[in-house]
Amino acid sequence: MTQLKERVPAIEGWFTTGEAPALLGSRCTTCGTYFFPREDTFCRNPSCSGREFEQVELSRRGRVWSFTDNRYQPPPPYVSPDPFVPYTIAAVELATERMVVLGQVAPGVDLASLRAGLEVELVLGTLYEDERHEYVVWKWQPVGDGGREG
Amino acid sequence: MASGREVAVLGVGMHPWGKWGRNFVEYGLTAAGAALADAGISWDDVEYVSGADTIRNGYPGFIAGATFAQALGWKGNRVSSCYAACASGAHAVNVARAQILAGFCDVALVVGADTTPKGFFAPVGGERRDDPDWLRFHLLGATNPTYFALYARRRMEAYGASPADFARVKVKNARHGLANPYARYRKEVTEEEVLASPVVADPLHLLEICATSDGAAALVLSSLDFAERHGASRPVRVAAVSTVTPTFPNAVIEMPNFATDSGSTVAPPERTFRDSIAAAAYEEAGLGPEDLDVAEVYDLSSALELDWYENIGLCKEGEAERLLNDGDTTIGGRIPVNPSGGLACFGEAIPAQAIAQVCELTWQLRGQATGRQVEGAAVGLSINQGLFGHGSSVIVTR
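In the order they appear, the protein sequences are chains C and R. Residues in the first sequence are numbered from 1 upward in steps of one, following the working numbering. Residues in the second sequence are numbered from 1 upward in steps of one, following the working numbering.
Be a bit skeptical, because a hint or two may be false.
Said to hold, decoys possible - What the simulated footprint calls covered on chain C by chain R, stretch by stretch (three residues with Cβ under 8 Å from a Cβ of chain R suffice, anywhere in the stretch; the number is not a length):
{"no.": "1", "stretch": "35-46"}
{"no.": "2", "stretch": "73-79"}
{"no.": "3", "stretch": "89-98"}
Claimed, not checked - Partial list, computed: chain R residues near chain C (C-beta under 7 Å):
{"no.": "4", "residue": "Phe120"}
{"no.": "5", "residue": "Ala149"}
{"no.": "6", "residue": "Arg153"}
Please keep in mind that the hints were generated in silico from the structure rather than gathered at the bench. Where a beta carbon is used, it is the ideal one built from N, C-alpha and C, also for glycine.
Could you build the full structure based on these sequences and the hints that come with them?
In structure tokens form, the structure reads like this:
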């Protein structure tokens, strides 16, 4: 019987891992601009000299801006299963933050079912595994797509 | 542009693009020699060397200006080396131009050359968890074609573009490049062949994504006074070089980023970054899109060429497919784009590519583009974008 692997984030501090996972960004405490990945050193707004930032969870839902897939194995540092498994990538607009965030799309979602404007939500799914760990990352999944996990 | 702020393109030269597997310095030397011969001057006449860097060829690539100067024979020249990703070549042109216009020198040599590995461009080696270019491969598996395909799909979703439209860009460019002796791929393709090639990143096919190539390009730039003394009474002139950054917030997702800037506190600028690259060049030259006779745009993918039509003002947003399908951008049409064959026929040799665009425009404006000549071309624009916010556009006139 195989032991369950420990699920760990593929990168620390970029997303929460609870029941309702969310991307972790930062927000300038001076002008309010959001950043993802988090910015903690300087505010990119040219009319703001803010140097302090608070951690924020970004909206868990957004709408597809565009999408594609990848049918050939990328070079490292992408860690590919053997054989390579193609995956879909979506660019998703978050309304509150007014930004577009990339993410892989949860496996099993047919590319043909995607379109601009489709509502998606953030889930966690497997990026790659080794002997003891399953490394997870954020993925976009169409809303109402049955709580399927990547 | 006010006269007195132009420089002459005295000579141009290239090493053919390909996958030759030799040291990039060798290609650079060939291109430099060709540019010097074309200018009718010798290495002794060159006062300044501006190198465009390659980051995939070790230390000599990071200090390309000195590397090429040493290969030509050190003689105490002033040199510089610059890196601006795909925009490196235009930035090297800009450095040389500024030296001439400031009166520090009369004659400058600009050289860019690259030797590339096979396959997808990968990030440079090492584990770098604070480098977005490393992280996008690791966390997303987002290759360069991923971003090209996101733009292509966006055209389909927003404007009703079709994969056949994209394929026709490749068909056009393949035909344009047939007679170009410097092009790597000189073979006609049909729309059916493009669409039958494997999908790399939906909706883009293998034949629609530019390859990575070895190659080199060089320019001899000089003051107008030197050009006249040298007997070049009507040289091609550099009327503008645009090397602008984006304006915050940049609302378009760009390679190698995970996200756009947030527009939550400052509204995105009216012009997108790509629009603003061309706008800065037009403003500096005192010209507009209506003045163009020919353009060389960075067709990293077939679909991206269509974006550029709109970015450089050849048509309104969403109308690029019509422009293409009406034949306006084919040689013989209203405003031919990529008469060289573009990246579709060359593949990309990063530090050389923006310089090669200027070589092509120079040949076009001199009437020397055998087999691909745009008749009567007098104003040309090149445009390109380097990752991490590097604009690149050059306007030449004659």
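Right, here's what the structure says about each hint:
For the stretch 35-46 of chain C, the assignment as covered by chain R holds, since 6 residues bring a beta-carbon within under 8 Å of that chain's beta-carbons and 3 suffice. Here the stretch 73-79 of chain C counts 6 residues with a CB under 8 Å from a CB of chain R, which clears the bar of 3, and the coverage holds. Coverage of the stretch 89-98 of chain C by chain R holds in this model, with 5 residues showing a Cβ closer than 8 Å to a Cβ of that chain against a need of three. The interface hint given for R/Phe120 is met, as the beta carbon of that residue sits about 5 Å from the closest beta carbon of chain C, less than 7 Å.
With its C-beta approaching chain C no nearer than about 4 Å, R/Ala149 sits inside the 7 Å limit, and its interface hint holds. Below 7 Å, beta-carbon pairs count as interface contacts, and R/Arg153 has one with chain C at about 5 Å; its hint therefore holds.
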